[in-house]
Structures are given as structure tokens and as C-alpha cells.
Amino acid sequence: MTEEEDFEHILGVLREERIAPYKEDELETVLSIGHCINCGLCLQHCPVVAAVGAERFSGPRSIAVELSRSPPEFWATSDKVFLCTGCGTCREVCPRNVEIPEIVNMIRARIFEQRPDLVPEQLHSVDKTLLEHGLAFEPWEDLEDKADSRDMRLERLNLPFYPDRLKESAEVLFYPGCQAEERAQEVREAGKVVLEAFDVDYTLLKDFNCCGLPAILIGDGETARELAKKLKEKILALGTKKIVTTCAGCTSNLNYLSERDGWNIPVYHTLEYLIEEIGIDILTEKLTADEGTQSVTIHSPCHLIRHTSRQLADYAAKIVEAMPNTRYTQSVLHDSCCGGGGMVGYHSPDVANRVARENLRAIKRTGASRVLAPCPLCTAHIEEMLFKTGSSVEVDDLTVFIAQRLFKKE
Amino acid sequence: MSATKKPTAMLQQTMWPGEFAIDDEGVMLFLGIKGVPELNPKVASKTFLESQARSGEPPHKAGSASLDVSLFGHESNLSTANLARWLDEEENLATFVEEVKKKAEQFGATYLALPPILGLEENLRNQNALQEATSASVFELLSFPPSVPGFRLQRSLERVFVENGGHLLIGHQVEPCSIESSRVTMVSAKSPRRMVNISTKSVVLASGKYIGGGLAAALEGLRETVFGLMTVTSEFRESGKTRPQRLTNVVSLSPDSHSLFGCGLSVDQFLRPVNPDGDAAAENLFAAGSILAGYSYAMEKNGLGVALATGYYAGETAASNALEGGV
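These protein sequence lines map, in sequence, to chains A and B. Take the first sequence: its position 95, counting from 1, is numbered 95 in the numbering used here, and each next residue is one higher. Take the second sequence: its position 305, counting from 1, is numbered 305 in the numbering used here, and each next residue is one higher.
Since the hints were made in silico from the structure, they are not lab data. Computed from a prediction, not measured in an experiment: that's the story for all the values here. Some hints here could point you the wrong way.
[To be verified] Keeping only pairs whose Cα atoms sit at most 25 angstroms apart, straight-line, the calculated BS3-like set for lysine-lysine is:
| # | chain 1 | residue 1 | chain 2 | residue 2 |
| --- | --- | --- | --- | --- |
| 1 | A | K80 | A | K167 |
| 2 | B | K201 | B | K190 |
| 3 | B | K102 | B | K6 |
| 4 | A | K80 | B | K190 |
| 5 | B | K46 | B | K61 |
| 6 | A | K128 | A | K234 |
| 7 | B | K241 | B | K201 |
| 8 | A | K146 | A | K80 |
| 9 | B | K34 | A | K242 |
| 10 | A | K318 | B | K42 |
| 11 | A | K242 | A | K229 |
| 12 | B | K103 | A | K241 |
Given the sequences, and given the hints that come with them, work out the whole structure.
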């Protein structure tokens, strides 16, 4: 038997035992588990444990220490591991840098591969959409209806419509993300308004596809890699120098992909692009005053602050504080998960809603009449929760709020 | 915890039980919460009575009881942090006060000891509400780290820092840095997807010991992880080439502690880490907390005291160095 045949034989035995070898890019994560000192800081800070208790969701320490070390019985953890919202609080407070959010994704991937019947059926449905359309949401059947919906939103928000720019070798690729592409179209248009306001040489993708983050969270690693591969081909063919997105999840995932797959293209969230590439002084000059004073607070999305950098929350505050007639009050839980992440809301809305409840209390305490979130997913989840509780507090995506102040209808 | 007494120089207001000695007829009630493992009220009560009998100090009466708050519809696996957050919400306080009051009346309690659950933000309000309702002196006991009083202390320190113009960059880890021409002019910090470069006039190194990551112990010896500074043993001998095993005693619970726990940085009078020749490694680099050599937290139990005292002094000196260009 040759060495290769030996290797294949061993792999065959492992396969029978349902033991999946780790992939090259998983090794760092796997090794980080060994650093856990069982201090319990993650458990005390986890917003899901705080919202539903450790009986329902055993928490990050349990996932890192116990659940990750039981191959091939990963499947036995499915009732817990799919309840993680992936906020990354556990990794941030961990004194030993254990990559708990990545471990959650690895376990989900093994469950998806070995026991797909234990993956919540709602996630299979999203996965089917990803496979069929390369998007996390069903695309509109009638494009005219889609355009009508967009125009209605723009009219309500007093935002202009700029036709899509599609060109090669633009300086910037604007990547709105699935939510803004198919659902919150006002965010996609607001992103364009911001770039137009500063004469940025930008383009959109002619044939948009998802960055693959939802597939990672579902556990479908194969689809995630396939989507990432397609996206890389499209982006490299365009020859852009920078990528700008309005989505928090896309910001962190595109940054990850750019590094992992060697795109060598920096990825910015709109807020980051405005502060680092445009500059706060130039932005401030263009911001117009709103009628009457607006009292606002900001929600800081996990994928921006904990999966990318906390600096982005500072950038958000800096921009809002520069807006005329806007009074900003920080919520004590501005950086706490809204419950909308990790695809939890798809199959366990009670858990997602209980996590959000903590946030809503803190938002109400600020006395603000409007919440701004630089992420369409957080915006939608917080908006839904506030509506359900009968609150009069309004919610806007922060890019939309900025765009409204960069554009004045004649 | 087990209700043993610990000496301390400072404690949080909600952990202050009042003067036992002035109330000879006092009754101490240890009130646990079902599902919270940090306080076993029966054991605590027994230990406390034994201790009082030995010292002859009042109160001489103690009892124990447990409350069922069923926070998540069951009474297991509750953490003190969960309960503290729950009690921060005013709507939950009235029911809790009512339940505590019933127990206090049942025992005629004049002192009421709870696990540290009185809130992360509203602990004083909650303590007052309980004291008013029960007429007892209500206080919190210690718990294992990470503890609610620890979270409160951290929040307070961070709040004061920010209110005084400080900027917190949470979630970033410092990268190895260099000292050039006896100065630290740049510190780099990394988040999951970003690197931040910070120009520095003064730097306080408070990176902790082994758990914090400030010191790394390998077979070759002990290493300071950010600047590669000289490390010393608790006897102030250079430890860069000393195997960590040589810094431990044969007896695990030795009254002499283990030298390994006392290892760290040797500093000058301004808390600046020094080189083997005794000179400051950098004129604008200061150190504070458990990275300092010469004390053993495990044996002396003075970790917070050293952190507060050296943090205050190092911060003050670093600030004056930044403003005035020298110590």
C-alpha cells in the first residue's frame, strides 16, 4: 500500500466513525480550545445565557470545553449550538483568546455534514435559497415590483435614486449585502447616495452573490466556500481597489475572505470609509441640518465591533455627533447583541426576542426617539421588536440616516 | 462561599455588614438562592456560628434559608451575574423584596447575608429597598471570580476613566512592541480584523501575569510578552533563563508560596521596568499590577491592593511624564 493509499484508508475508517478531519484553516481555532482555563467569564457575559438561562443554552464555555471535544458525537449538541447568536462577546472577554464563535461554526458544520436532520428545518430552507439563487433571501419574482418597492421606500425617506453604476476598474466596489439587495433596498440606495455625494468612483456587481456568511452559520461549509469562490472571481475580474459595504456581517466576512483567499483588497464599512477615506471635516461640511432636534441612540452591531473592530462604534458616534440638530445619547447596552445574529431568529424566535428585550429596555432608558444601527439586519430585528412592544421609538439604518443628511431635495 | 472571615482594607458598600459588636442580640440569616451554587446557606451558617463561638463575638445566633426566584422557570444553573442583571430591573425588585422580607421575619433576622446579586448598576438602590423592608442590615458575601463585585469594580473604573477624558479601546490586544532610543513611541493593538497604531507619550504596562498574558513561562525561562523586558524572580534574580519548574516548591500548599507566583518585572522608584544594569528600560514606560515582581497574590491575597496602589501611582506618574516631558 502506498502512503497515499494508507492515508485514504485511514480517512475511510474515520469517515465510517463519522470523524471529520480538521481543515487547514480550522487548526488555529482548534488549538485555541486548549487555552481555555475554565474561568467562566464567557458564561457570565453571554447575552443568550443572560436572556434564557444556562439550562436552555449551556453557554460558550460548555461549547468550547465540552461540546467541541466529543467527536463523532457533535450531533448531540444541536439543541444548544444552534442557539448561539455568534455575537463574539465570549471571545472578547476571554483572557486566553479562545475562538469560541469559530468553534460554534465548526460544530455546526459537522452537524450539517453528519446529521443534517438535526439542523433546524428553517435553516435548510435558507440553505436551499443560497444554493438556488446565491442569495440569503428569495429574489423578487417580478423586477418591476422590486423597483416599485424601492421607489416607495425612497420617496418615504426623501432619498434620490441614482441608476446603478456598472463598470470595470472602478476605485471602489460597493457591495450592499443580501439584506439590502433584496429586502432593505433603501440601505442599498443610501450607500449609493453616500458615495455619489463625495464623487467616489464606484461600481456595483453586475451579478450579485452572497458572501457566504449565512451558509457558514448554517453549517454548510461547502456552499460557503463555493459562494466565496464565485465572489472572488467576480471581484478580481472587476479590478477594484477597495470594497465598501453597508452590512456589518459582510464587513467582517469579506475582511476574513479577503485575508484567507488572498484578494489583497481592503474592505470597509461605509462608516469606516467616511472617516478614514473621506474625512470627518469634509463629511461635516456636507451634512445638512434636520428640521427640529432629533434625539437618537446607536446600536453597535456585533459583526462590526466584535468581529471587526470596536473603533467602528467610535466612528458611528463621531459621525452622529457631527450631525446638526442631532442629540446623541449612548445606551448602556449599545454594544450588546440584539438577538438577530447567528440565524437564531429563523428557528428559535423566542430566544432571539428575549435577547433583544434586554436591549430594548436600555434603548428606552436613553429617552431617544430614534435608534440608528449600521446594519440592515440589526435594524430590521430591533424595529420588529420595538413595534411588537408598542414602542414609538423609530429605527433607521445609519447609512440611510447619513444619506438623508447628505441630500436635500430642491 | 463558606462564610469564613477575610481581612480587607476596602470593600464595596453593599458588602458592608455594619458593626456586629454593637448588637449583642443580633440574628444573622444566610439567605441563599436555589440554583446559585456560590452560597450554601446551611454550611455558611454553621461555619459562621463556629467562628463566633471561638471568638466570643456577637451575633451568637444564625440561621439559613433559601429563596426560589425561578428566574428562567426553573431553579438550577443560575449565576450571580444573571440575578444581578435581573435585580437591576426595577420591575423585579418588589417581588424579590417581598420574598426576602418573609424570610427575614420568619427568623427575626437583624443581619441578612446574600450572595453578591444585588445588581450590577443598582446595587445601592436594591440594598436600601431590602433594608427598609426588613429593618435588617443587608449585605453581600464574596463569591468565586468572575464575581459581581468584580464586574462592578471594573465598570466603575472604566466609567471614571472615560468621564475624565480617557478613551477605552476594548477588544484589541497589544502586539509586541519595541523600545527605541530609550522611548516607546508607538504601540500597536490588534482586533479580529483591524490593527490600530497609537502614538505614545507615556505607556503603563498592566498586562497581567500568566493568565493575563503579560508573562509567558516556557522551558527556556520567563518572558515579558510585549516589550521583551527583563523578568525577575520574587527574590529579584533574573529569570529569563530559569526553567519555571525550578521556581516551584515540592509542597504544593507551601506557606512560603511558590517563587513562580512572585515573578515579574523589577521597577525603579517611578515604577519603570529596569534593565539588568538597573536603568529604566524606557524613560516613558511604567508598569502596574500583577506583572510586578516581589509579591505573591496566591499567598498574600493582596492582588487588588497592589493593582490599585501601583495603578494609581503609575497612572499619575505616566500622566505627569506625558504632560511635562519627564518624571
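Outcome of the hint check:
1. The hinted pair formed by K80 (chain A) and K167 (chain A) fails the criterion: a straight-line CA distance of about 46 angstroms is larger than 25 angstroms.
2. At most 25 angstroms may separate the alpha-carbon atoms for a hinted pair to count; K201 (chain B) and K190 (chain B) meet this at roughly 20 angstroms.
3. A C-alpha spacing of about 30 angstroms is found between K102 (chain B) and K6 (chain B), which places the hinted pair above 25 angstroms, so the restraint is violated.
4. Under the criterion of a C-alpha separation no larger than 25 angstroms, the hint pairing K80 (chain A) with K190 (chain B) is inconsistent with the structure, at around 31 angstroms.
5. Among the hinted pairs, K46 (chain B) with K61 (chain B) is consistent with the structure: their alpha-carbon atoms are about 10 angstroms apart, no more than 25 angstroms.
6. Pair hint K128 (chain A) plus K234 (chain A) holds up; C-alpha atoms about 22 angstroms apart against a cutoff of 25 angstroms.
7. Using a Cα cut-off of 25 angstroms, the hinted pair K241 (chain B) and K201 (chain B) is violated, with the two alpha carbons roughly 32 angstroms apart.
8. With a C-alpha separation of about 38 angstroms, the suggested pair K146 (chain A) and K80 (chain A) falls outside the 25 angstroms cut-off, and the hint is violated.
9. A hinted pair counts as satisfied when its Cα atoms are at most 25 angstroms apart, and K34 (chain B) with K242 (chain A) does not qualify at roughly 56 angstroms.
10. Taking the CA atoms of K318 (chain A) and K42 (chain B), the gap is near 54 angstroms; set against the 25 angstroms cutoff, the hint is violated.
11. With a C-alpha separation of about 18 angstroms, the suggested pair K242 (chain A) and K229 (chain A) falls inside the 25 angstroms cut-off, and the hint holds.
12. A threshold of 25 angstroms between alpha carbons decides the hint, and for K103 (chain B) with K241 (chain A) the separation of about 69 angstroms lies outside it, so the pair is violated.
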